[in-house]
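Undergrad: As they're listed, the protein sequences go chains S and X.
Reading the first sequence from the start, the letters are residues 1 to 189 in the UniProt record's numbering.
Reading the second sequence from the start, the letters are residues 1 to 189 in the UniProt record's numbering.
It cannot be assumed that every hint is accurate.
Claimed, not checked - Under 8 Å between C-beta atoms, here's a sample of chain X residues computed to sit facing chain S:
hint, residue
1, Val27
2, Gln28
3, Val31
4, Ala33
5, Ser143
6, Val145
7, Pro146
8, Thr149
9, Arg152
10, Ile153
11, Gly156
12, Leu176
13, Glu179
14, Asp182
Since the hints were made in silico from the structure, they are not lab data.
Computed from a prediction, not measured in an experiment: that's the story for all the values here.
C-beta: ideal position from N, C-alpha, C; glycine also.
Number of protein chains: 2
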Amino acid sequence: MPGATEQKIIDAAVRLFAAQGYDATSVQEIVAAAEVTKGALYHYFRSKDDLLFEIYRLLITAQSADMDRIIGLGLPVAETVREILVSLVVSTAERVDETAVFVRELHRLGEERMTDFRAERRRYHETFLAVIEKGQADGDFSSAVPADTVVRIAFGVVNQLPMWYRPDGEKTPARLAGEIADFVLAGLR
Amino acid sequence: MPGATEQKIIDAAVRLFAAQGYDATSVQEIVAAAEVTKGALYHYFRSKDDLLFEIYRLLITAQSADMDRIIGLGLPVAETVREILVSLVVSTAERVDETAVFVRELHRLGEERMTDFRAERRRYHETFLAVIEKGQADGDFSSAVPADTVVRIAFGVVNQLPMWYRPDGEKTPARLAGEIADFVLAGLR
Numbered sequence: 001m002p003g004a005t006e007q008k009i010i011d012a013a014v015r016l017f018a019a020q021g022y023d024a025t026s027v028q029e030i031v032a033a034a035e036v037t038k039g040a041l042y043h044y045f046r047s048k049d050d051l052l053f054e055i056y057r058l059l060i061t062a063q064s065a066d067m068d069r070i071i072g073l074g075l076p077v078a079e080t081v082r083e084i085l086v087s088l089v090v091s092t093a094e095r096v097d098e099t100a101v102f103v104r105e106l107h108r109l110g111e112e113r114m115t116d117f118r119a120e121r122r123r124y125h126e127t128f129l130a131v132i133e134k135g136q137a138d139g140d141f142s143s144a145v146p147a148d149t150v151v152r153i154a155f156g157v158v159n160q161l162p163m164w165y166r167p168d169g170e171k172t173p174a175r176l177a178g179e180i181a182d183f184v185l186a187g188l189r
Numbered sequence: 001m002p003g004a005t006e007q008k009i010i011d012a013a014v015r016l017f018a019a020q021g022y023d024a025t026s027v028q029e030i031v032a033a034a035e036v037t038k039g040a041l042y043h044y045f046r047s048k049d050d051l052l053f054e055i056y057r058l059l060i061t062a063q064s065a066d067m068d069r070i071i072g073l074g075l076p077v078a079e080t081v082r083e084i085l086v087s088l089v090v091s092t093a094e095r096v097d098e099t100a101v102f103v104r105e106l107h108r109l110g111e112e113r114m115t116d117f118r119a120e121r122r123r124y125h126e127t128f129l130a131v132i133e134k135g136q137a138d139g140d141f142s143s144a145v146p147a148d149t150v151v152r153i154a155f156g157v158v159n160q161l162p163m164w165y166r167p168d169g170e171k172t173p174a175r176l177a178g179e180i181a182d183f184v185l186a187g188l189r
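With the hints as constraints, model all of the structure from the sequences given.
TA: Below, the structure written as structure tokens:
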């Protein structure tokens, strides 16, 4: 978890990147909006690119930790899937601005960071896949559709959220999350 | 439908954009690869941006026409949904390169084209939404999950295909399409 100063910088950067774009936002504007010194920013982040990456890394790290926590509860598999999907959809829906900025600027990440990013995403993907596969193997879920396609469907809607979801629209993140979990579990029955 | 020369230009452009990027590809390279004259290219396309847009417009126009044709068959609603999804997934999966290029370069479209693009996408979305809603209203589908979320889930996986699907991988477009249709229809039961 980031400290208070780091969090202030991240919050300011997310607001500015989302409002005026990554290119149009200077480090000077970020430190002014965050009410910190340039020295403080460079203490935590090597560059504007580094800040962008850190914004997204924090989100996916929190999502991974949350999935591990849910699996650790040892609930029945349908409950585990519901909790994982609700947690993922809510955390993504609440942060569509960050995710949209990150996706748009993804091509800026250097090779090393792209590798880190893909590894983290792959771990998340494979952990969820293993949950679905176990549910199918134990007969709790239908095996009519292979687990890899079920996971692509569940993550597809989550990854597309930044393209259309607005947290101040008519559906709250929790309501949308419940609907998505209901549909995926209905498909697995 | 484009004529033979136009199609040769489009095919060459797609190959080059996918292999080396949009920026790195010159109009000269496209005409050389397509074995046409620069004059022929500029007869069909005002600019490289115009060509990029046309590549994608042809795909979504064909997908829309196909959905209209399927609905016109007057099949039972579950069959209609299956045919629409299979057609959409197959046509997208066969053209992940085009779609990936387009998504990456989306920000280059001017305001007028973005408006056209969004209108075409919206029409497609709303037509499919109406099919699901009618199936729910007639009692052929479960109404447990609202139709708008069902559509977001079905289109989410399709729109994410360019991020992970490879047509030369282990799943053919037709097989993947069948799995996705099976899962969506299972969720609607």
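Undergrad: Take the hints in turn and mark each one as holding or not.
TA: Here is how each hint holds up against the structure:
1. Val27: 23 Å, violated
2. Gln28: With a closest approach of 24 Å, the glutamine 28 of chain X hint is violated.
3. Val31: 27 Å, violated
4. Ala33: 24 Å, violated
5. Ser143: Given a least distance of 11 Å, the restraint on serine 143 of chain X is violated.
6. Val145: 4 Å, holds
7. Pro146: 6 Å, holds
8. Thr149: Since chain S brings a Cβ to about 4 Å from threonine 149 of chain X, closer than 8 Å, the hint holds.
9. Arg152: 6 Å, holds
10. Ile153: Because about 5 Å separates isoleucine 153 of chain X from the closest Cβ in chain S, which is inside the 8 Å limit, the hint holds.
11. Gly156: At about 3 Å, which falls below the 8 Å cut-off, the nearest Cβ of chain S leaves the hint on glycine 156 of chain X intact, so it holds.
12. Leu176: 7 Å, holds
13. Glu179: 4 Å, holds
14. Asp182: Holds. Min distance 5 Å.
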